[in-house]
Structures are given as C-alpha cells and as structure tokens.
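Asker: Spelled out, the chains give:
Protein chains: 2
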Amino acid sequence: MNGSTPVSEIGERSLIKRLSGIFNVGCNPDVRIGSGTDDCAVIDISEEEYMVITTDMLHRKTDFPLQMTPWQIGWMSAAVNFSDVASMGARPIGFLSAMGFSKDTDIAFVEGISKGMDDCAKFCGTSVIGGDIDTHDELTITGTALGKVKKSELLTRKGARVGDKVCVTGFAGSAGAALHAIEQNIDVPDSLLNKLLTPIPRVMDAMELARSGAVTCMMDTSDGLAMSLHDLADLNGVGFVIEEDALPIQAELSEFITYDTDILTEFALYTGGDFELLFTVSPEMLESAQSVCYLNVIGEVVGQEVGTVISCRNGQNLTINRKGYLQLGD
Amino acid sequence: MNGSTPVSEIGERSLIKRLSGIFNVGCNPDVRIGSGTDDCAVIDISEEEYMVITTDMLHRKTDFPLQMTPWQIGWMSAAVNFSDVASMGARPIGFLSAMGFSKDTDIAFVEGISKGMDDCAKFCGTSVIGGDIDTHDELTITGTALGKVKKSELLTRKGARVGDKVCVTGFAGSAGAALHAIEQNIDVPDSLLNKLLTPIPRVMDAMELARSGAVTCMMDTSDGLAMSLHDLADLNGVGFVIEEDALPIQAELSEFITYDTDILTEFALYTGGDFELLFTVSPEMLESAQSVCYLNVIGEVVGQEVGTVISCRNGQNLTINRKGYLQLGD
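Going down the list, the protein sequences come from chains A and B.
Heads up: the first sequence begins at 1 in UniProt numbering, then just goes up one per residue.
Heads up: the second sequence begins at 1 in UniProt numbering, then just goes up one per residue.
Looking at chain A on its own, in the form it has when it is part of the complex (with noise of 0.2 Å):
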C-alpha cells in the first residue's frame, strides 16, 4: 500500500500514545483515568471507591514456553493481570478469561489451565468470576482482572517527588535470566524458574502500602526495572540515580551466572518478566513503608536533568537505557 506504515516502525510506547489521542477520555465522566497512562483504568463507582480494571492478551509463542504445564499457564495469565490491579494499591474482585484454542485440544489441558486460573484468583482473594470461550488456532488467552481501593488509597504513577527513595519488592531479572536460560537450552534451578513461571501477584504488598499513606507513585517492572523508571521518569518529569550495590539480585541468580556483576546488573535492568512493585516513598515515610512490607530501597529521586542513572560499584554515573520487554521493539 502506499505510503502505509508498519507499527514495528513506531514501537509499543508510540502506538500506545496515538491510540490514546483516539480514545479521549476527556468527557466520561464515570472514568478517572483512562487509557495509556497507568497500570489499570480507573473508575468511579461510589462515593468512597474506585474500581480499577486492566486487561492483557497473552498467547502461545510469545508468552507461554513449552515448559509451563497447563496449570501454570492459567496461573501467569491471572498473575499479570492481578499484578496491574497491585499496582493500584487495589484489593482484587474479580477476574475474567476469554480463550482460545483450537478444537482439537484436549479437554483436561483446558480444565488444567482453569484450574490454575482459579487458584491465582483465590490467592488474590477473589475468583473466576466469567469470561468467554473460542476457536483459535494458537493457544491465545486474554485476562480481565478488576479491583477495588479507597479513593484515598488509590496509587497511581504519578506522585514521584525529588527526594523520594526508589524501592522494590522481591529481586530483579531472575524471570529474565530464567527466559534466557531456557531459550538457551541451559539447565536453570527451580528457584529461578518458578519466578519465571510463576510469578507472584503482589497483591497482599500493595494493599498493605496503599493504607500506610507512605507510597507518592507506583507500578509493576513487568517490562523490566529500566523501562519502568523510564516511564515514571517521563510522567513524573523527574530523574533517578538507582545504586547499583542495591540492586535486589536473588542468591541463586548470582550463582547461576557465576557472580559475573556486569551480567547481573544488565539481567535486573533489562529483562521484563519479574512482576514486582516499583515505587517511590517520601523519605521520612520509609519507616512506615518498611513496617507493612519487605522492600529493598534502590535509589533516589532526582531532577529530571541528572536523567535516569545507575551509580555503580566503581563510582561511575552510566545512563540506565530506555529498553526491556517490549511487544514491537523500541
């Protein structure tokens, strides 16, 4: 076609931000954030709460490897999407999965991926609550998770102030390193590759932080730890120096990849997959954040001029790049 342009040209971020312009939200009132900006679109629904609500496709070639059982393919597609409604600081009321499969696929393979569905659902305190079934030729499954949270709990993405620490939960890149590994055909422990299969919604973390009133901003490091400060940089119009001694590096990664730092660092930089809470807390509310849930403090806020920067071991400012797990390239 002529003068047609393919969305690989323009990348994730960009197309995301031409829908948007779309969908303008701007006059629905029933909405208090819509579409492009945070990890769940937000609604009003009563006089005291929001519901949040966030929907993601996932499917065979790209998001399930051959090595996740039925069981725990349910279980990531409810995890993603339970990870968003965290990210909101919101308490988890629902899921809903639409798949599709093709017609040849045995029954006990669609009750295993259910099954695995409801138990990531009753983790997260909630259930199944509908959803849709389809013929497709690849294994392709689309969650709809939805929550609630108090109006003055509501976390979202923007709040970041210059003086704020930069926390996580849990460790960075071992998804990552565990991907790369069986990609690899290279033997990985259990303990990595659960954190790749598996993920843990960190639903019970988040709703624990949105009471405590400590947290300014937040949002899950699915796409990776880098990709995730990059967003909140550019929304926030702030920067961060993230040290990279406080990178949260899981025991067994170090040993896998034999204690080579340089490695190490660039798995919890640039690798998606982790599914854990990136947030900023006012410094003289760590205290209060630390006493509802175990985090690791990675760095500071700072002005947006000092861009975004890890400080590393040998004194050195390197810029932290604008890259990680992303569906059309960057």
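Bear in mind the hints are in silico, worked out from the structure with no lab data behind them.
Treat the numbers as computed from the prediction; the structure is a model and nothing was measured.
Please note: incorrect hints may appear among the correct ones.
[What the hints assert, rightly or not] Sample of chain B residues at the chain A side, in silico, Cβ under 8 Å:
1. P6
2. S46
3. I53
4. G100
5. V128
6. D137
7. T142
8. L318
Where a beta carbon is used, it is the ideal one built from N, C-alpha and C, also for glycine.
Given the coordinates of chain A, assemble chain B onto it according to the supplied hints.
Answerer: For chain B alone, kept in the frame of chain A given last:
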C-alpha cells in the same frame, strides 16, 4: 495422549458448564452472578448499584470477513460486548480492548480499528478507557465492556413465567443471511450487509425496558434465536411456542430470498449475529414495554412439557432444534 478427549467432542455449552464448576464463585462476596449463566458477570459495587462486565474474543478467521473495513472490525469488537451489557439492562460505562496484530500491520489499519471501537463506545454513551496491544500472527481482539445498573433494574436470563409474552427487537436472520451470501460470493444488498458488519447494540432500548419494570427475563440473540430460546427454556424450566407468522423478517431479506418462507424461517431461527434483545414480558405489562421500545411479540412462554416449538403457518407445531452459532459445535 492416552485417554484424551478433544474439546470439540463435548461442545461449547458443555465445556462452559465444566469450567464453571472449576470457577466456583460461591464464596466471593463481591459477586452477585458469576460465570456460565448470564451475558455478564454481576458485581456488587454499592448500596444502590451493580456493575456488569463481559469479555469476548474475536479474530480474523471466524469473526472478521474480508469485506469488513478496519472501522467495522473495531465497531464489531465493541458492539458484541455492549450487546451483552445491554442484555442486563445496564448503562455502559467503559470499554477495554486487547488487540493482537502482526508487526507489519499498517498503522492506519490499527487506527481505523481504534476509531471504529471509539465510535461504537461513544454511540453507547461511553468511551474506550484502557487496553493492551500485542503481536499476534492472526488479528485477534478481545473486548471487555462494563456497565452500571440500579439493583432494582437488573435484568437476567432468569425470571420467565408461563403466560409471559416472548418479544424481540429488530429483525431476525438478516445477519445470518448476509454471511451466507458473502460466503457463497452472492451479491447482497447493503441493508442486509450492514446488519452483519455493523450490528447496533440495543443499549438504549434495553435501559428503557429495564426502567419500565415490564421485563421478566432477557438475553441477546448473538447465537441465534433458537439457541437463545433453548438457553432460556433450560434456565427457567419452561417451554416456548413461537408463531412462525410473527417472526420479524426484514423486507429486504424476504425479497433477497425471493419469499421462500421455509428458508426465511430457517435463517430467522438458526443463524446468529443479529445482536437483538430477546425478552419475556408479563401480559399485563406488555403495553408498558411497547411504550418505551419498538418490539415484536413472537410467542408465549408455556410449560416445560410442551417444549420449544414453532407454530407454523400450516397449523403444525414443530420442535425448534437446539442449534445456532457456536464456537465448538454442539
């Protein structure tokens, strides 16, 4: 694999029943109606209101004939979901779309789809509030629509009583006939083609009907009139006598089929895609319903022992078969 059974062997309705058994929502206090029975799940959000939510996966091979423009693909993806919201008598309050397309897809194509979605959402009084983009070999769109409804006005599939009048909006069979025609490369008038490619979700009619208090049960006819009648018959423990003469056939369809009444009845009963409302009304409330919505009375609710039958022009009563549009056959 030993002892494996493909999903095609048990069919869509049976598979949904099996999965609904896994997704037990009995203990979820937020949920009023869960998966497997109604067009939407129903969530308790406040003293006065329920939220309804539905999700539907569509894709190129099954749902988007090549004749469809990108705008129509987007419209359709939203319309099928808003039709489910309408079935519950709810006011639409938002739409989310998860879109999967290949990397070489033209940006203008994706923007066209998005514009169609947005226009359908605006037509339904709301907007696109969120979503996800994904790479996928086959164009795949999962929509999720949300609505709010006063608790006293919620309509469900349950509530039909013997003696109630059976009503539908719009026409039956137009979309199915148009699909049949384009599959056979037969020229089809635009007035029929539009019914297939740009279905109008009956949101306003449904809200008015809900407010009228006249409706005892409701669903949409997305899988065809026959299948919908059987679903209502099973759930309500009733039968239906439908008058062949009363089936609402579009004039252009009669002309197109050259007035072959047997074939017209086949299309009206056994093809899907019309997205009209099918509902029952107590006889003493029929006028109230008629005063808020243009409807066709097509029959009456009878005892279960009568079955679901059509009273033909020649005086015979024939059984209406349990068949229509289903993803896995039944």
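Asker: Taking the hints in turn, state whether each one holds.
Answerer: Here's how the hints hold up against the structure:
1. Annotation: P6(B) was flagged as interfacial toward chain A, and the flag holds, the nearest CB pair being 5 Å apart, inside 8 Å.
2. For S46(B), the suggested interface contact is upheld, since its CB lies about 4 Å from the closest CB of chain A, less than 8 Å.
3. The beta carbon of I53(B) is positioned within 8 Å of a beta carbon in chain A (closest approach about 7 Å), and the interface hint is therefore held.
4. Interface restraint check for G100(B): the shortest CB-CB distance to chain A comes to about 5 Å, inside 8 Å, so the restraint holds.
5. Because the closest C-beta pair between V128(B) and chain A is about 4 Å apart, less than 8 Å, the hint holds.
6. With a cut of 8 Å, the hint placing D137(B) at the interface with chain A holds, because the nearest CB-to-CB distance is about 6 Å.
7. At a threshold of 8 Å, the smallest CB-CB gap from T142(B) to chain A is about 4 Å, leaving the interface hint in force.
8. Interface hint status for L318(B): violated, as the beta-carbon distance to the closest one in chain A is roughly 31 Å, over 8 Å.
Hint violations for this structure: number 8 only, all remaining hints satisfied.
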